[in-house]
Amino acid sequence: MLSVKSLHTDYAAAGGAVVNAVQDVSFDVPDGELFTLLGPSGCGKTTTLRSIAGLERPRSGSIALDGRVVYSSDAGIFVAPNRRNFGMVFQSYAIWPHMNVFKNVAFPLEVRKARPSRKEIEQKVMRVLTTVQLAELVDRDATKLSGGQQQRLALARALVMEPQLLLLDEPLSNLDAKLREAMRFELKRMQRDLGLTTIYVTHDQSEALALSHEIAVMSEGRIVQIGSPRDIYERPRNKFVADFVGSTNFIGGRIASAAAGNGRCGVATALGELNVQCVEPLAKDMPVVISVRPEDVELFEAAPPREDGDNVCAGVVEAKVFLGDYLDFQVKVGDSVLLARVHPSLRTPVGHPIHVRMRAEKCVALAEPVAPRVAA
Amino acid sequence: MRAASRPPSPTLPHKGEGSALWTWLPIAAAIVLVAWLALVPLGFMLWQSVLSPETATAPARFTLDNYRTAYASADTARLLANSLQFALGSAALAFSLGTLLAWINERTDTPFKALFFALTLVPLIIPGILFTVSWIFLGSPKIGIVNLVLQRVFATDTVFINIYSIPGMIWVDGLHYSPMAFLLMTAAFRAMDPALEESAMMSGATLPRILWRVTIRLASPATAAALLILFVRALESFEVPALLGLPVGIEVYTSAIYDAIHAYPSEIGLASAYGVALLVITSLCVFLNLRIIGRGSRYATVTGKGFRPRVMRIGRWRYVTAAVFLIYVALVVVLPFLVLLWSSLQRFYSVPTLAALKNLTLDSYRTVLAYPAIGNAVWNSIVLALGSATLIMLATSVLCWIVVRTKLPGRALIDNLASLPLVFPGLVLGLAIMVCYLALPIGVYGTIWIMLIAYVTRFLPYGMRYNAASLLQVHKELEESAAMSGASLATTFGRIVLPLLKPGLIAGWIYIVIVSVRELASSILLYSSGTEVVSVTIWELWQNGQYVELSALGVMMILVLFCFVMLAEFFGRRFGVAEA
Numbered sequence: 001m002l003s004v005k006s007l008h009t010d011y012a013a014a015g016g017a018v019v020n021a022v023q024d025v026s027f028d029v030p031d032g033e034l035f036t037l038l039g040p041s042g043c044g045k046t047t048t049l050r051s052i053a054g055l056e057r058p059r060s061g062s063i064a065l066d067g068r069v070v071y072s073s074d075a076g077i078f079v080a081p082n083r084r085n086f087g088m089v090f091q092s093y094a095i096w097p098h099m100n101v102f103k104n105v106a107f108p109l110e111v112r113k114a115r116p117s118r119k120e121i122e123q124k125v126m127r128v129l130t131t132v133q134l135a136e137l138v139d140r141d142a143t144k145l146s147g148g149q150q151q152r153l154a155l156a157r158a159l160v161m162e163p164q165l166l167l168l169d170e171p172l173s174n175l176d177a178k179l180r181e182a183m184r185f186e187l188k189r190m191q192r193d194l195g196l197t198t199i200y201v202t203h204d205q206s207e208a209l210a211l212s213h214e215i216a217v218m219s220e221g222r223i224v225q226i227g228s229p230r231d232i233y234e235r236p237r238n239k240f241v242a243d244f245v246g247s248t249n250f251i252g253g254r255i256a257s258a259a260a261g262n263g264r265c266g267v268a269t270a271l272g273e274l275n276v277q278c279v280e281p282l283a284k285d286m287p288v289v290i291s292v293r294p295e296d297v298e299l300f301e302a303a304p305p306r307e308d309g310d311n312v313c314a315g316v317v318e319a320k321v322f323l324g325d326y327l328d329f330q331v332k333v334g335d336s337v338l339l340a341r342v343h344p345s346l347r348t349p350v351g352h353p354i355h356v357r358m359r360a361e362k363c364v365a366l367a368e369p370v371a372p373r374v375a376a
Numbered sequence: 001m002r003a004a005s006r007p008p009s010p011t012l013p014h015k016g017e018g019s020a021l022w023t024w025l026p027i028a029a030a031i032v033l034v035a036w037l038a039l040v041p042l043g044f045m046l047w048q049s050v051l052s053p054e055t056a057t058a059p060a061r062f063t064l065d066n067y068r069t070a071y072a073s074a075d076t077a078r079l080l081a082n083s084l085q086f087a088l089g090s091a092a093l094a095f096s097l098g099t100l101l102a103w104i105n106e107r108t109d110t111p112f113k114a115l116f117f118a119l120t121l122v123p124l125i126i127p128g129i130l131f132t133v134s135w136i137f138l139g140s141p142k143i144g145i146v147n148l149v150l151q152r153v154f155a156t157d158t159v160f161i162n163i164y165s166i167p168g169m170i171w172v173d174g175l176h177y178s179p180m181a182f183l184l185m186t187a188a189f190r191a192m193d194p195a196l197e198e199s200a201m202m203s204g205a206t207l208p209r210i211l212w213r214v215t216i217r218l219a220s221p222a223t224a225a226a227l228l229i230l231f232v233r234a235l236e237s238f239e240v241p242a243l244l245g246l247p248v249g250i251e252v253y254t255s256a257i258y259d260a261i262h263a264y265p266s267e268i269g270l271a272s273a274y275g276v277a278l279l280v281i282t283s284l285c286v287f288l289n290l291r292i293i294g295r296g297s298r299y300a301t302v303t304g305k306g307f308r309p310r311v312m313r314i315g316r317w318r319y320v321t322a323a324v325f326l327i328y329v330a331l332v333v334v335l336p337f338l339v340l341l342w343s344s345l346q347r348f349y350s351v352p353t354l355a356a357l358k359n360l361t362l363d364s365y366r367t368v369l370a371y372p373a374i375g376n377a378v379w380n381s382i383v384l385a386l387g388s389a390t391l392i393m394l395a396t397s398v399l400c401w402i403v404v405r406t407k408l409p410g411r412a413l414i415d416n417l418a419s420l421p422l423v424f425p426g427l428v429l430g431l432a433i434m435v436c437y438l439a440l441p442i443g444v445y446g447t448i449w450i451m452l453i454a455y456v457t458r459f460l461p462y463g464m465r466y467n468a469a470s471l472l473q474v475h476k477e478l479e480e481s482a483a484m485s486g487a488s489l490a491t492t493f494g495r496i497v498l499p500l501l502k503p504g505l506i507a508g509w510i511y512i513v514i515v516s517v518r519e520l521a522s523s524i525l526l527y528s529s530g531t532e533v534v535s536v537t538i539w540e541l542w543q544n545g546q547y548v549e550l551s552a553l554g555v556m557m558i559l560v561l562f563c564f565v566m567l568a569e570f571f572g573r574r575f576g577v578a579e580a
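Here the protein sequences come in this chain order: A and B. The opening residue of the first sequence carries number 1 in the working numbering; numbering runs sequentially from there. The opening residue of the second sequence carries number 1 in the working numbering; numbering runs sequentially from there.
Where hints are given, some of them may not hold.
What the hints assert, rightly or not - Between beta-carbon pairs, the in silico distance windows are:
id, chain 1, residue 1, chain 2, residue 2, range
1, B, G494, A, A210, 40 to 46 angstroms
2, B, G494, A, V321, 55 to 61 angstroms
3, A, V19, B, E569, 44 to 50 angstroms
Because the hints were derived from the structure by calculation, they are not lab data. C-beta atoms are modelled at their ideal positions from N, C-alpha and C, and glycine is treated no differently.
Construct the complete structure from the given sequences, taking the supplied hints into account.
Written as structure tokens, this is what we have:
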């Protein structure tokens, strides 16, 4: 298990100012799981990863893997990156251009203190190259590989050292959209097969949702929420997470009736009183925002059946955008505009009235204003 | 595993005190080494400049007399005027020629441009002393071929050109350094958006007007930088003032320094005072130059973007521009080389006539090759050139890595110290090193080691520049991935950084070999019997009046250097050496 405790990392920016890149970050990753650090650029996710790698030196905190402490400010321990035995795939892949495929992969074995025999190196390299399906390109110049092949080579180089921990720094961001999709599944399969504890850094929420066992969403150097992909998507803890992970509608309001036993509460909004889900206890009259995903805003031309807790209101189609496999509608309800993502079979023209339904369990009330929160 | 202190750099592995020592030791050593090379001799020279000459009866004592002689005597104004006149003239000539040629080469459809480009660079490998000597053979009032030919044609005994004059000095020095201006301005033209010239043309401007009103103005930061560099270079020039100025009493700072040292008794204090003056001027210019380059980014037209070279069709003017190139090549390459070749084939120096043609002989080559002192000088030159090039490139690869990659305090200091020798004129550096190791009894003075120290100091900035340029091209993650693969700092440096720097290392190495072989200004003050190098031998042959032997040695030297450059070019192309 990887355990990161109250990590602080800062560095001097170009102007000499100190940037607090990572502040009080803590999380645990169970063995064999893929843990994602997700956030916009500059949120500190890469600095966190580099601190775990040992490429950045934290100011305080501790990092330990299976009880082996690699960094601890209290004990004054800092293990150099080359002695941590963590495999890492860099954003640029960092394939050495002066070596061929084989030599790139063999390098981690060759520089070991206890260098394996030539034969052993060859066996290990070929085994890992077969895993990433590069075995037939073993003699090729590393510079003559395609983007996808370079990415797999970088992965092979990280895997050949049989690392205790695999660190991936936006490994898919340099690939084109199609290849990225394919590599996403490939990466997931390989990680699950090898059972390798993995830290994955990305700014792409769909990548994070597709790959991870657990996601930590970061903002301004802090973790704002940790949870399973479904948790993060369906029950965002605050506005930032709701906004960053997928697109969403925000509806402002005040708590009208406090939470009952089922975690529901009523919120007075411009659309009327809505039944919503409360993740945490919210007191009466507290200002909140309600987050509703566009795909959870259902549209009907006739009044829809209304079950217990469903919110239904009437609106007018203001604009729509055809996006191939779905259709985005902007619906004006009172003075507010809701974004709805619906099946392209709905053909209501612009300017026509329409009925909106939002199920209570899909509307999440978030306390406002949002204070940065540290996940446990 | 207790960390002794917190290294500010994230890229330095830090584990236990043992490896902390191994990390810090080389860095401390680097700073000490660079400071020793760049600062200590300078300090000794300043100290020497306030001492009176030591004689058998009186020990040296503190005095300001040297400065009084150097700055407050009747000669002061004349020396300054001569120096400025010479340096300004030479810089202006080199700049005008270089700019014209660069423009023709970059912007017009002149035929055989590739060939002209290569030929224009040839003077860069001709040592200054040989170029000067060959122009004495051409332009001397008594034996100069140009004068003799013109006198015969016009049947008169008027002296048409006199190379022993300030205009003569400007002509030779400016001509010799025009390739440098050519390279600087070529780079400037390549970085310029041709659309700006095209719009001037659409406005109805003529070609010369575009060149003068648009092209040159747009290149003005590059122009100012180039002019300053050429000016500083001309101030530092030693061969031309020594060979052309001294015989007729025209002194500039460099030749005044040389004269003061070779006076009897030797006036090292006075030489040092002159050296300080020269150093102040060159430092100011280099500082100004940095300011200009720093501000250059304001001129958004001259970006680092590679614009597609745009060539103007100049019609029949192509023949004129081709003729300009031909005349230029004749003046800087063909005539100087031919006159050396001619005199090397004679028994005694004589002007080319039909009668002299019958006396052609290879005797001088035999003499030169059989002369043991010359073999020794060649050996010294080779050892010094290869040694200093190798030492500099390896040392600066480490220094540059510290400067570019780490966040260590003091890395800027390393950079500044290692670039400091740029402002040392060769003669001043030679003087400073001479004074320094005369005073320090560590057995270096009078050996070949003192010359190695001088070469390494003098050419250190070139190594820094070549390595910094290529290191900036190497993505940091390439090194970090080696660390993540378990490689130590030393392994990473040896197996990742050095191989990736190879193109820059080789290009810089070749450049330093060439400038080391050409070096005269520092060597002339530091050699002693047995440690002469080729350029010093040529100097001695000139002083002894052994012109034919000098010419033979010069011809061979030029040919060898030429072959070396060709080989380097060949291998460079094969192994992808980035162009210098």
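Now for the hints, and whether the structure bears them out:
no.	hint	verdict
1	B:G494 - A:A210: 40 to 46 angstroms	holds, 41 angstroms
2	B:G494 - A:V321: 55 to 61 angstroms	holds, 57 angstroms
3	A:V19 - B:E569: 44 to 50 angstroms	holds, 47 angstroms
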